[in-house]
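Protein chains: 2
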Amino acid sequence: MKVNTAEQKNYEHRNWVKMINSLSGFKSLNLLGSLNSKDHHNLSIISSCTHLGASPALVGIVLRPHSKKSPRHSFLNIKDQGCFTLNHVNEQIYKQAHQTSARYEKSVSEFEQCGLTPEFLDNFKAPFVKESNIKMALSVVEIIELKQNLTNFIIAKIENFYFPDNCLKSDGYIDLEQAGSLCGSSLDGYHKTQRLARLSYAKTNLKISEL
Amino acid sequence: MKVNTAEQKNYEHRNWVKMINSLSGFKSLNLLGSLNSKDHHNLSIISSCTHLGASPALVGIVLRPHSKKSPRHSFLNIKDQGCFTLNHVNEQIYKQAHQTSARYEKSVSEFEQCGLTPEFLDNFKAPFVKESNIKMALSVVEIIELKQNLTNFIIAKIENFYFPDNCLKSDGYIDLEQAGSLCGSSLDGYHKTQRLARLSYAKTNLKISEL
Chain B
1 MKVNTAEQKN YEHRNWVKMI NSLSGFKSLN LLGSLNSKDH HNLSIISSCT HLGASPALVG
61 IVLRPHSKKS PRHSFLNIKD QGCFTLNHVN EQIYKQAHQT SARYEKSVSE FEQCGLTPEF
121 LDNFKAPFVK ESNIKMALSV VEIIELKQNL TNFIIAKIEN FYFPDNCLKS DGYIDLEQAG
181 SLCGSSLDGY HKTQRLARLS YAKTNLKISE L
Chain H
1001 MKVNTAEQKN YEHRNWVKMI NSLSGFKSLN LLGSLNSKDH HNLSIISSCT HLGASPALVG
1061 IVLRPHSKKS PRHSFLNIKD QGCFTLNHVN EQIYKQAHQT SARYEKSVSE FEQCGLTPEF
1121 LDNFKAPFVK ESNIKMALSV VEIIELKQNL TNFIIAKIEN FYFPDNCLKS DGYIDLEQAG
1181 SLCGSSLDGY HKTQRLARLS YAKTNLKISE L
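Line by line, the protein sequences are chains B and H.
Residues in the first sequence are numbered from 1 upward in steps of one, following our numbering.
Residues in the second sequence are numbered from 1001 upward in steps of one, following our numbering.
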């Protein structure tokens, strides 16, 4: 089937959004922990965390624009406080993680409402998710507003990260599958994974092999 | 286990890169098809395609900087020609897809070298991958060089997209699992997925249910 994006008018808006959201492929799933100036905690699921570089260790996340009609507490907190956490979603908590996307009032903690436990590590200001197995403490480096749709692209530096000891392989690879991390599809699909292989570094004159 | 990124010097560079690349979570896997002014085709695997918006339909991709020492043909082609394709990696072609990451000469077509078939659809200039099931034709909207590491964040508009008829659900969701799309981990992990559930739209006063 072929769709030209100029045909958008032929689709119901909600269906269009689900369809376009499917196209990029599978998505990382993280819970973003933040706090505001009154120390209220906020937690929201995001599916846009992307590796930007290892040295310095940078990731990018995409957050929808803030407006009075559609308040985005995580975005305001990140902008104000300059720090946040990311916590991988796993099979034990994916329903609670999904529930954080409901539009709770600013003063309400999604931790409480959704049955997740805030955790504080190494004096980092923003809350982590205790039930998550892979967690990062991040500081904001730059916020770029994309002029095409006013979405915010946030570049953040990983300060500390945490993972189960038994997930680290001798070559530095962290086994996300062993940590139970999930991936997402479109707006509402949750998937566990099954590794087919790790493949050797590709060279032009050498056949790749499974590690 | 806890790691502070200031400890990078204690790690071998290659291991550090694999470790940091693991942290964002599972990654989308696409083959990027492009061509240069001499109509040479180029194909490279990328794991950074991220949804940016549905209306207009935008995705972002991250490409490492181009240099004489590390030429990035895809980046140069995209910049020069203003268009490219993205093609989901599936179980039948993931080894060929991985092989495209080897450093072939500029005049060499990774299609030929890796055993994949260029396909031309609807007069779009850049080549698609025939063996892929979900494909997009894209035009470049903006290239933002990230000053932190000179990586390029490319914002692109989806013009056309293609997928198997039987993967489209009545609400617009495209079933990536049915299309055989894979996800990746770190630099070299390839995974198939198993859906746990699709979850209903979250509201503050309603229990979520499985769709």
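These are calculated hints, taken from the structure and not from any lab test.
All values reported here derive from a predicted model rather than from experimental measurement.
Hints are not guaranteed to be accurate.
[Said to hold, decoys possible] Computed Cβ-Cβ distance ranges for the label pairs, DEER-style:
1. B:K79 <-> H:N1149: 21 to 27 angstroms
2. H:E1145 <-> B:Q194: 33 to 39 angstroms
3. B:H13 <-> H:Q1092: 24 to 30 angstroms
4. H:K1069 <-> B:A6: 39 to 45 angstroms
Beta carbons: idealized from backbone N, C-alpha and C, even for Gly.
We went through each hint and held it up to the structure:
For K79 of chain B paired with N1149 of chain H, a C-beta distance near 22 angstroms keeps the hint of 21 to 27 angstroms intact. As the Cβ distance of E1145 of chain H to Q194 of chain B is approximately 37 angstroms, the hint placing it in 33 to 39 angstroms holds. Between H13 of chain B and Q1092 of chain H the beta carbon distance is about 35 angstroms. The supplied range of 24 to 30 angstroms is therefore violated. One distance hint, 39 to 45 angstroms for the beta-carbon pair K1069 of chain H and A6 of chain B, holds here, with the actual separation near 42 angstroms.
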